[in-house]
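Here is what each chain is made of, one letter per residue.
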Amino acid sequence: MDIAAPERSAADPKAFVRKGDKGEYNLELLVKGAKCVNCLGKIERGVSEIPGIEEARLNLSTGRFIAGWHDKNLDPAKIVQKIIDLGYGAIPFQSDIAQSVSDTEAKKLLIYMTVAGASMMFVMMLVEPVWLAGIFGEMGPGTRTFFHWLAAMIAIPAGAYAGIPFFSSAWKNLKKGHANMDVPISLALILTAALSLWATINFREHTFFEAIVMLEFFLLIGRYLDHKLRQKSRIAAQELLALQAVTANVIQGNGTIKSVKVSDVKEGEIIEILPGDRIPVDGVVIQGVSQGDFSLITGETQAIDIGIDSHLRAGSLNLTGKLLMKATKVADDSFLAQIARLVEAGEQSKSVYVRLADKAAQLYVPVVHGAALLTFVGWLIAGRGFETAIWNACAVLIITCPCALGLAVPAVQVVASGRLFKNGVLVKSGDALERLASIDYIVFDKTGVLTRGQPNLINRNEISDENLVAAAMLARASRHPLARAIARLAGPGPSIKDAQEVPGYGVEADVDGVKIRMGRAEWVGAQSDNSETEMWYRKGDEAAVRFAFSDTLRDDTVATIVKLKKLGMGIEVLSGDKLGAVEAAAKAAGIEKFTAGASPFDKAARLDELNAQGRKTLMVGDGLNDAPALAKALVSIAPGAAADASQSASDMVFSGENLNSVYESIMVSRMAKSRVLENFWFSAFYNLITVPIAIFGFVTPPIAAFAMSMSSVIVSLNALRLYKK
Amino acid sequence: METLIFLIPIAFGVAALALVAFIWTVKNKQYEDPKGDASRILLEDDDKPL
Chain A
1 MDIAAPERSA ADPKAFVRKG DKGEYNLELL VKGAKCVNCL GKIERGVSEI
51 PGIEEARLNL STGRFIAGWH DKNLDPAKIV QKIIDLGYGA IPFQSDIAQS
101 VSDTEAKKLL IYMTVAGASM MFVMMLVEPV WLAGIFGEMG PGTRTFFHWL
151 AAMIAIPAGA YAGIPFFSSA WKNLKKGHAN MDVPISLALI LTAALSLWAT
201 INFREHTFFE AIVMLEFFLL IGRYLDHKLR QKSRIAAQEL LALQAVTANV
251 IQGNGTIKSV KVSDVKEGEI IEILPGDRIP VDGVVIQGVS QGDFSLITGE
301 TQAIDIGIDS HLRAGSLNLT GKLLMKATKV ADDSFLAQIA RLVEAGEQSK
351 SVYVRLADKA AQLYVPVVHG AALLTFVGWL IAGRGFETAI WNACAVLIIT
401 CPCALGLAVP AVQVVASGRL FKNGVLVKSG DALERLASID YIVFDKTGVL
451 TRGQPNLINR NEISDENLVA AAMLARASRH PLARAIARLA GPGPSIKDAQ
501 EVPGYGVEAD VDGVKIRMGR AEWVGAQSDN SETEMWYRKG DEAAVRFAFS
551 DTLRDDTVAT IVKLKKLGMG IEVLSGDKLG AVEAAAKAAG IEKFTAGASP
601 FDKAARLDEL NAQGRKTLMV GDGLNDAPAL AKALVSIAPG AAADASQSAS
651 DMVFSGENLN SVYESIMVSR MAKSRVLENF WFSAFYNLIT VPIAIFGFVT
701 PPIAAFAMSM SSVIVSLNAL RLYKK
Chain B
1001 METLIFLIPI AFGVAALALV AFIWTVKNKQ YEDPKGDASR ILLEDDDKPL
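In the order they appear, the protein sequences are chains A and B. Here my numbering is used: position 639 in the first sequence is 639, and no number is missing along the way. Here my numbering is used: position 26 in the second sequence is 1026, and no number is missing along the way.
Don't take each hint at face value.
[To be verified] Here are the simulated DSSO-like cross-link-like pairs (lysine-lysine), alpha carbons at most 27 Å apart as the crow flies: (1) B/Lys1029 / A/Lys616; (2) A/Lys232 / B/Lys1029; (3) A/Lys329 / B/Lys1029; (4) A/Lys32 / A/Lys329; (5) A/Lys42 / B/Lys1029; (6) A/Lys32 / A/Lys326; (7) A/Lys258 / B/Lys1035; (8) A/Lys82 / A/Lys72; (9) A/Lys261 / A/Lys172; (10) A/Lys32 / B/Lys1029; (11) A/Lys616 / B/Lys1027; (12) A/Lys326 / A/Lys261; (13) A/Lys232 / A/Lys422; (14) A/Lys322 / B/Lys1027; (15) B/Lys1029 / A/Lys515; (16) A/Lys175 / B/Lys1027; (17) B/Lys1027 / A/Lys19; (18) A/Lys232 / A/Lys359; (19) A/Lys108 / B/Lys1029; (20) A/Lys172 / A/Lys359; (21) A/Lys326 / A/Lys258; (22) A/Lys593 / B/Lys1029; (23) A/Lys565 / B/Lys1027; (24) A/Lys82 / A/Lys42; (25) B/Lys1027 / A/Lys82; (26) A/Lys261 / B/Lys1029; (27) A/Lys172 / B/Lys1035; (28) A/Lys35 / A/Lys329; (29) B/Lys1035 / A/Lys22; (30) B/Lys1035 / A/Lys593; (31) B/Lys1027 / A/Lys422.
[Unchecked claim] Residues from chain A shown here face chain B by an in silico Cβ test under 8 Å; the list is partial: (32) Leu60; (33) Met124; (34) Phe685.
[Claimed, not checked] In silico contact screen, one side only, chain B against chain A (beta carbon under 7 Å); selected entries: (35) Ala1015; (36) Leu1017; (37) Leu1019; (38) Val1020; (39) Phe1022; (40) Thr1025.
In short, the hints are calculated from the structure, not lab data. Heads up, the beta-carbon is just placed ideally off N, CA and C, and yes, glycines get one too.
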């Protein structure tokens, strides 16, 4: 909900400073909104100007900012404040999460890949003359063997080095008694190297040195793409997690206020909550009057009055007045923590999903090993000797090596998530796309998903422009969601500086001796029939003006539901809001099945029920109350304005105003799935043709090289087709 | 054929040089922030003499 987002209480950065070995201090921040060179210069220069700061560096690609200093008296809040003053959002990162900024795994893979690629080119430069000379008969055995030795000197050390990722993964799996894709790969690599070396020593005509490095090169491209994609999703998930790091202002015995990490708050402690703050832990109000926005927890859009003895739940938003609250439950057993546990349970049940690539590997490994073994035995039985038999078995392993298979899935997922990213959809895990392609039932939350999740003025035509402009000036001084809605509608403009917020009633101001009030009907002095969410505005003795609000549907909700129904999806609405509001929204959106007043636990139970019926469920939700259901669903999507817990529980996050992103994601995921399947079929077809050739001993190095590269290129090109509409 | 004795080591040397140079750029963190590095050249006050 974007009414809440800008006022999020920033965590106190002191808790996030990391102390290095040499006595240096580091603070890592996630900077929002820095997109261009000017932002970069402004932020780095601005922070460097703070006395004591020695290092200030912003990574423009990831939005992460690192500040370093030695002076232990430096207040890190100054750094955050400086960046906020410059006009950007800055959120401290939880230091233990952000440890691995620099992606060493990707670097290693990149180096392995380059070594394989460079040595592939060099070995081919040596081996190609031998092939050509073989055709034209122009090269003596002496020169040929010399070239083979040169190729061996490069291919064997380079192959041994670039093969480390495969060897180590194969060894790890073998030790546990499994065989993954890396086992046949390692076997093929080692056999090929040994046989080619043997052939060189014995002056044979053919060696397969270039095949070793070529194979590694193509496979490493696939590994690198896959790793990059996972890394991207992991970083996105980390950032969402970091956003949840909020601190609480605890009032200590001597009356001073101390900022404490939420997890360190103890039961019975008194916490101060300013207007605009999120409630950090569950508690009971002991002083103050205010209004609260509980929409992230219950799905209810109306602001609710808060007074002494009101129970507050962690995650709700305090709107208008300052409150003192006594913590009743600490972070570990608060409402929020209960939700978190449900989310965790849901995610564990989800992890049994087997990825398409793994299914293919399960099928592939025994078939390839079987074919190679049969070839070996077959040639022995045919009485052609050990050398021919092992050469042909080896050729089978080389030619079937899953270059294309290794690229089939990552190439498609990189292209698909790239395309979705352009449309504002962030895919958090690669296999989410696979799961999304299979869904047949969609559960929507109402508030913030079908609807905008914020009140919108519905009687604009009853209000004169003059009154709107005047009311907006007062509205800009208030945090109340209804006042915000007026301010948003009127656009940017001046606000009344000395306006007073009267918690529970509204906002008032004196302008040139005339009292202006905006708020409840009785307080303003108007008659209300109370049928809709409303707010009244009155200037002096003039007639009171009524502003009526409702949480309207997104512009494209109706069209999206129609399109989803055309795909044959079952659709239902599951909301925590009151029956009337849910019924109206569901009817307007064209959805027949709806449930109102559902608690987070009801929602999760409903998803369990649907899963038990064998439906493939997609949950779209934004509130904290949706988080357990999001985790239970086969796939889940959250809007970008959703609660942080919901964003981290879901597989995808869409930003922007359009619900159509959900439809778009489903379509792209379906296309991606068919591209992956095409790639698998192509790989199977390729093997169907090349394996017999290899079994019968017709594979020469040029044929192997050509076949391997062509299949990899075709698979990658097929993945690129996703970019087109 | 005698030229091979020169040409092959030269070819190998050039290829090895390129490989080493690339590995150095990777280890030197030159691919961590492509957007930022592209922008930094436009920052005026970063213009220190070499």
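**Study point:** Pair hint A/Lys35 and A/Lys329, alpha-carbon separation not exceeding 27 Å
**Key:** 41 Å, violated
Check your understanding: Are the Cα positions of A/Lys82 and A/Lys72 separated by 27 Å at most?
Key -> The hint holds at about 18 Å.
Review point. A/Lys329 and B/Lys1029: Cα distance at most 27 Å?
Key: At roughly 46 Å apart (the allowed maximum being 27 Å), B/Lys1029 and A/Lys329 break the hint.
**Study point:** Given hint B/Lys1029 paired with A/Lys232 - CA-CA distance at most 27 Å
**Key:** Holds, at about 17 Å.
Check your understanding: Would the hint on A/Leu60 stand, with a C-beta cut-off of 8 Å toward chain B?
Key -> 3 Å, holds
Practice item. Take a quick look at whether A/Lys108 and B/Lys1029 sit within 27 Å of each other, Cα to Cα. Key: 12 Å, holds
Review point. Does A/Lys258 pair with B/Lys1035 here, judged by a C-alpha cut-off of 27 Å?
Key: 39 Å, violated
Check your understanding: Within a Cα-Cα threshold of 27 Å, do A/Lys32 and A/Lys329 meet the stated pairing?
Key -> At roughly 32 Å apart (the allowed maximum being 27 Å), A/Lys329 and A/Lys32 break the hint.
Check your understanding: Can the restraint linking B/Lys1035 and A/Lys593 be considered satisfied, given a maximum Cα separation of 27 Å?
Key -> 48 Å, violated
Check your understanding: Does the structure keep A/Lys616 and B/Lys1027 at a Cα separation of 27 Å or less?
Key -> 45 Å, violated
Point to revise | Hint check: 7 Å Cβ-Cβ cutoff, B/Val1020 to chain A | key: Nearest chain A Cβ about 10 Å off; hint violated.
Practice item. Sort out whether A/Lys422 lies within 27 Å of B/Lys1027, counting only the CA atoms. Key: 30 Å, violated
Checked against the numbered hints above, the structure violates hints 1, 3, 4, 6, 7, 9, 11, 14, 15, 16, 22, 23, 25, 26, 27, 28, 29, 30, 31, 33, 34, 36, 38 and 40; every other hint is satisfied.
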